[in-house]
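Required output: the full structure, derived from the provided sequences and hints.
Chains A and B, in that order, give the protein sequences. Numbering of the first sequence is given in the working numbering, commencing with residue 158 and proceeding in unit increments. Numbering of the second sequence is given in the working numbering, commencing with residue 14 and proceeding in unit increments.
Simulated from the structure, these hints should not be mistaken for laboratory data. Idealized CB from N, CA, C, for every residue including glycine. Heads up, some of the hints might be wrong.
[Stated by the list, open to error] In silico contact screen, one side only, chain A against chain B (beta carbon under 8 Å); selected entries: (1) V164; (2) V179; (3) G182; (4) S185; (5) K189; (6) L195; (7) A199; (8) I207; (9) I229; (10) N230; (11) R278; (12) I286; (13) A290; (14) G293.
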Amino acid sequence: MNDKSRVEPIKIRFPVEQGDFVRAGEASSKIKRLLLQLGFSADVIRRAAIATYEAEMNIVIHSWGGFLEAEINPLKIIITAQDKGPGIPDVELAMEAGYSTAPEHIREMGFGAGMGLPNMRSCANEFTIESQAGKGTRVKMAIWETEEQA
Amino acid sequence: MTSYFHAVTLNKDKCVGCTNCIKHCPTEAIRVKEGKAKIIDERCIDCGECIRICPQHAKMAVTNTLEEIKRFRYPVALPAPTLYGQFKAGTTVDMVIAGLLELGFARVWEVARGAEIVSRVSGEYFREKELPKPVISSACPAVVRLIRVRFPELINNILPVDSPMEAAARMAKMEMEEEGCPLDEVGVFFISPCAAKFTAVKNPIGRRKSFVDGVIAISDIYGPLYGMLEEMKGAPRLQKSTGSGIHWAVSGGEMRLLPKRSSLSVDGLVNVAHVLEDVVMGKLKEVDFIEALACVGGCVGGPLTVENPFMAKTRIVALAKRAGQPVDLLPELPEGTKWQDFTWTENLQPQAVLKLDDDLAEAIRKMEALDEIHKSLPGLDCGSCGAPTCRALAEDIVRGQGNEVDCVFKLREKVAELAERMVALSSKLPPSMNEKKQKEGKQ
Ligand code: SF4
Ligand code: SF4
Numbered sequence: 158m159n160d161k162s163r164v165e166p167i168k169i170r171f172p173v174e175q176g177d178f179v180r181a182g183e184a185s186s187k188i189k190r191l192l193l194q195l196g197f198s199a200d201v202i203r204r205a206a207i208a209t210y211e212a213e214m215n216i217v218i219h220s221w222g223g224f225l226e227a228e229i230n231p232l233k234i235i236i237t238a239q240d241k242g243p244g245i246p247d248v249e250l251a252m253e254a255g256y257s258t259a260p261e262h263i264r265e266m267g268f269g270a271g272m273g274l275p276n277m278r279s280c281a282n283e284f285t286i287e288s289q290a291g292k293g294t295r296v297k298m299a300i301w302e303t304e305e306q307a
Numbered sequence: 014m015t016s017y018f019h020a021v022t023l024n025k026d027k028c029v030g031c032t033n034c035i036k037h038c039p040t041e042a043i044r045v046k047e048g049k050a051k052i053i054d055e056r057c058i059d060c061g062e063c064i065r066i067c068p069q070h071a072k073m074a075v076t077n078t079l080e081e082i083k084r085f086r087y088p089v090a091l092p093a094p095t096l097y098g099q100f101k102a103g104t105t106v107d108m109v110i111a112g113l114l115e116l117g118f119a120r121v122w123e124v125a126r127g128a129e130i131v132s133r134v135s136g137e138y139f140r141e142k143e144l145p146k147p148v149i150s151s152a153c154p155a156v157v158r159l160i161r162v163r164f165p166e167l168i169n170n171i172l173p174v175d176s177p178m179e180a181a182a183r184m185a186k187m188e189m190e191e192e193g194c195p196l197d198e199v200g201v202f203f204i205s206p207c208a209a210k211f212t213a214v215k216n217p218i219g220r221r222k223s224f225v226d227g228v229i230a231i232s233d234i235y236g237p238l239y240g241m242l243e244e245m246k247g248a249p250r251l252q253k254s255t256g257s258g259i260h261w262a263v264s265g266g267e268m269r270l271l272p273k274r275s276s277l278s279v280d281g282l283v284n285v286a287h288v289l290e291d292v293v294m295g296k297l298k299e300v301d302f303i304e305a306l307a308c309v310g311g312c313v314g315g316p317l318t319v320e321n322p323f324m325a326k327t328r329i330v331a332l333a334k335r336a337g338q339p340v341d342l343l344p345e346l347p348e349g350t351k352w353q354d355f356t357w358t359e360n361l362q363p364q365a366v367l368k369l370d371d372d373l374a375e376a377i378r379k380m381e382a383l384d385e386i387h388k389s390l391p392g393l394d395c396g397s398c399g400a401p402t403c404r405a406l407a408e409d410i411v412r413g414q415g416n417e418v419d420c421v422f423k424l425r426e427k428v429a430e431l432a433e434r435m436v437a438l439s440s441k442l443p444p445s446m447n448e449k450k451q452k453e454g455k456q
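See below:
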């Protein structure tokens with residue numbers, strides 16, 4: 158009786174600043190809370206939380222700043238992470254586990270182990286990445302309820 | 014969510030509706046309505062934070078009285094190790110146990126020994142089974158319920174083994190039966206630092222039925238026991254627990270016995286929620302095991318204790334040292350049992366009490382409305398409306414459990430609007446009179 162696709166999606170956008178490790182994770186945390194209140198399954202919340210957190214950290218570590226956006230409708234959650242920055246010269250290489258361009262001082266803080274992008278891809282049902290050298294990167298992920306999960 | 018039993022309740026006569034408690038509840042489960050606090054049952058996790066914070070002592074825990082042990086022919090006391098740290102220096106574990114026997118218990122089965130069993134069982138579990146990392150301890154019922162309510166994504170990370178209380182109760186019953194006491198005449202009473210344990214007896218975690226028959230608050234038994242201790246000075250050796258079990262009363266005590274693991278211990282609900290948040294986002298990948306306790310300092314900080322938790326901790330550490338403990342050595346299981354006996358028989362289910370609606374599309378609509386209302390509120394989080402924050406009031410309104418004019422600022426706006434309209438209205442006369450006036454004016 159309720160046509161799910163006809164509901165206006167919720168859209169929220171959070172600015173993410175470069176190098177702001179203190180607030181890093183706040184945006185992901187808020188999105189997670191929202192999903193819980195909306196009643197998404199534990200599996201979707203878990204995957205969305207990891208994916209948004211990794212995306213948020215990527216902006217903090219690698220870019221000159223950007224934003225995180227979540228668009229939520231009953232059928233899926235679309236997360237966009239867009240930044241201004243150096244971009245990723247070789248996207249395919251960056252998608253390999255363990256590859257990282259994080260500078261030494263950030264690795265020493267325990268971040269930038271090169272698992273970000275592969276992690277995001279494994280959490281999302283759909284994953285696209287576009288990057289332009291010297292301009293920035295945009296990651297788009299869609300997450301939805303899958304059958305196997307009870 | 015039908016009739017969930019709660020040990021934490023309100024004494025209406027004492028409550029003055031001051032709104033002190035609403036801001037301290039970790040699940041925003043309290044509202045003040047008509048001058049009295051009200052606990053939203055399905056949200057409360059029985060952490061006891063409101064018991065600690067209430068200046069009127071209007072929040073309390075329902076527990077059993079010492080009188081009630083008389084219902085049974087063979088009452089058995091299960092003292093939490095926390096009890097040992099409540100009395101002044103020089104009080105030994107033997108004295109405490111002797112005192113309990115003097116108060117009318119037929120036997121004492123130390124929960125510290127239950128904790129030793131659980132350490133062993135946890136060790137076996139890690140060796141035999143795969144669990145999602147990090148594994149989260151199930152020992153604190155308030156934390157388990159926090160996860161069910163606020164972190165359903167982590168339910169499968171909870172270690173599905175019995176709590177020390179359950180392990181001890183099971184053993185106590187087994188031994189009494191072996192001694193020939195009919196089980197319906199045996200009553201097992203946990204001497205508890207917290208309300209959450211009583212709730213866990215009534216709504217068992219991981220089992221269909223608890224082995225415990227009753228729960229007595231440490232704060233209730235403290236007086237009678239205290240008066241008796243002096244005479245117990247020459248008590249014989251009654252203690253059977255070792256330091257490893259006693260250590261469970263303080264945070265960090267549980268993970269001591271899980272060798273070669275990278276473990277993390279966190280106490281205090283706010284801190285626990287913080288750590289769990291990080292786990293969900295995949296931040297704590299290097300941690301294997303998390304010991305999480307709702308109370309600051311661990312169970313010595315429980316809401317039904319008497320002694321200052323930091324003092325109690327010092328005593329527990331001293332008593333544990335004195336009892337001696339096998340370093341790096343997991344305790345043996347009691348004869349006639351296997352580790353699987355102390356694991357859960359029931360799966361834990363999430364409790365989706367925070368969602369706005371069962372239907373996702375409807376929930377999204379409500380969320381939009383919630384945001385709109387939230388924006389229209391002053392954002393002071395003053396609590397005068399009886400809800401902990403402006404956002405919580407907005408949430409109550411979309412759930413149909415609150416009203417915009419519960420907000421005193423909104424009410425003032427509305428009154429001002431009304432006054433304006435009245436002024437405007439008073440200058441407008443009915444047409445019949447109008448005419449008269451006009452005529453009068455002409456004259
Ligand atoms: S016991 Fe804890 S969860 Fe329950 S109402 Fe009190 S503060 Fe809130
Ligand atoms: S930490 Fe201990 S005393 Fe506090 S709620 Fe948990 S089990 Fe009870």
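Results of checking the hints against the structure:
no.: 1; hint: V164; in the structure: 4 Å, holds
no.: 2; hint: V179; in the structure: 14 Å, violated
no.: 3; hint: G182; in the structure: 6 Å, holds
no.: 4; hint: S185; in the structure: 6 Å, holds
no.: 5; hint: K189; in the structure: 7 Å, holds
no.: 6; hint: L195; in the structure: 5 Å, holds
no.: 7; hint: A199; in the structure: 4 Å, holds
no.: 8; hint: I207; in the structure: 4 Å, holds
no.: 9; hint: I229; in the structure: 7 Å, holds
no.: 10; hint: N230; in the structure: 7 Å, holds
no.: 11; hint: R278; in the structure: 14 Å, violated
no.: 12; hint: I286; in the structure: 19 Å, violated
no.: 13; hint: A290; in the structure: 29 Å, violated
no.: 14; hint: G293; in the structure: 24 Å, violated
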